[in-house]
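Student: What follows is each chain in one-letter form.
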Amino acid sequence: MQIPYEVQARPDTGVNNAKLGIWLFLASEVMLFGGLFAAYVFLRIGADAWPGMMMYGTEVMAERADEILNVPLATLNTMILIASSVTMVMAWASLKMDRFDRYKLYMGLTILLALGFLVVKSFEYGEKFDHHWYASTNNFLGVYFVLTGLHAIHVTGGILVNAYFWGPGTKLWKRGTARDKAHFTNRIEVAGLYWHFVDLVWIFLFPTIYLI
Amino acid sequence: MAEEMTLEDVKRHVRVYITVFIALAVLTVVTVGVSYLHMPFTPALLVALAIATVKAALVALYFMHLISEKQVILWVLLSAAVFLVGMFALFIGAHADQEDIATLAKLILSSHVA
Numbered sequence: 014m015q016i017p018y019e020v021q022a023r024p025d026t027g028v029n030n031a032k033l034g035i036w037l038f039l040a041s042e043v044m045l046f047g048g049l050f051a052a053y054v055f056l057r058i059g060a061d062a063w064p065g066m067m068m069y070g071t072e073v074m075a076e077r078a079d080e081i082l083n084v085p086l087a088t089l090n091t092m093i094l095i096a097s098s099v100t101m102v103m104a105w106a107s108l109k110m111d112r113f114d115r116y117k118l119y120m121g122l123t124i125l126l127a128l129g130f131l132v133v134k135s136f137e138y139g140e141k142f143d144h145h146w147y148a149s150t151n152n153f154l155g156v157y158f159v160l161t162g163l164h165a166i167h168v169t170g171g172i173l174v175n176a177y178f179w180g181p182g183t184k185l186w187k188r189g190t191a192r193d194k195a196h197f198t199n200r201i202e203v204a205g206l207y208w209h210f211v212d213l214v215w216i217f218l219f220p221t222i223y224l225i
Numbered sequence: 008m009a010e011e012m013t014l015e016d017v018k019r020h021v022r023v024y025i026t027v028f029i030a031l032a033v034l035t036v037v038t039v040g041v042s043y044l045h046m047p048f049t050p051a052l053l054v055a056l057a058i059a060t061v062k063a064a065l066v067a068l069y070f071m072h073l074i075s076e077k078q079v080i081l082w083v084l085l086s087a088a089v090f091l092v093g094m095f096a097l098f099i100g101a102h103a104d105q106e107d108i109a110t111l112a113k114l115i116l117s118s119h120v121a
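Residue numbers (the numbering used here), protein chains in the order written: chain H, 14 to 225; chain Y, 8 to 121.
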């Protein structure tokens, strides 16, 4: 059965259904991350010290997040995510220019960069676990693990979607008709909107958790 | 994003993407650099949020094409923003000192009666 307005814009909204759908989903994601950010603000305003007491063999009073968290690794991850946002949008632009080979290259790079982000993140988490610091240790680490962990889950979801569109999902493009190509390009734009949102969340997570 | 883009349009967009990427990288370095100044909490927070907001706007406007998006999408985002601000106001308001609020209310009422 033909699904209407999968590529063409609906006359009432002016956009196709996929685009309206992903933006509604992203609006709900704003509330999900926003709720956790609000909880972070709530906990931090009420705290006597932030990050507070941490165990480094003996108890040490930490007064800044960068005494606990690895800022160089997080900066590297920020650069990786920004680069992956560019490669994602370049993948979409390549399809618009009918350059499927370039699309495969840029989408492949996006996936590799996202995997790189998770590898760096695993090193970062490993440092914390070596000190026996977990989400249950104190409010600071609870906020850190919940927010960055939820973000990492979103990165993983993006990798799965992008990997599908790099591999088996390309069948749609390879059918070769103009309609199928437009449909595939539209799917990549929608996947890209999700991926840029993941980048956008990190843009706020990085300074508020690691730097202040 | 308009569906009917010409090849020239796309090439122009690609140049914008590269420029935005450079701006995002520079702003990231600035954010980290400022954090090493160890400013007091409030100015540090304001600077960090200001830079993050500029970066987020660049991503949303250019990578997510909000700059040329249809009105219905902007309404969806505006509604999310309104609820988000409301939620933050509730959380932060819950921390307001209740005694201060009572004193303020008495002051307003007494000046109104006088």
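Hints are supplied without guarantee of correctness; some may be wrong.
[Stated by the list, open to error] Cross-link-like lysine-lysine pairs, in silico, DSSO-like; alpha carbons within 27 angstroms at most:
(1) H:Lys117 x H:Lys194
(2) H:Lys194 x H:Lys184
(3) H:Lys194 x Y:Lys77
(4) H:Lys117 x Y:Lys18
(5) H:Lys184 x Y:Lys18
(6) Y:Lys77 x H:Lys187
(7) Y:Lys18 x H:Lys194
No wet-lab data here; the hints were simulated from the structure. This one's a predicted model, so the numbers in the text were calculated from it and none came from an experiment.
Student: Hint by hint, where does the structure go against what was stated? Just the numbers, ascending.
Tutor: The structure breaks only hint 6.
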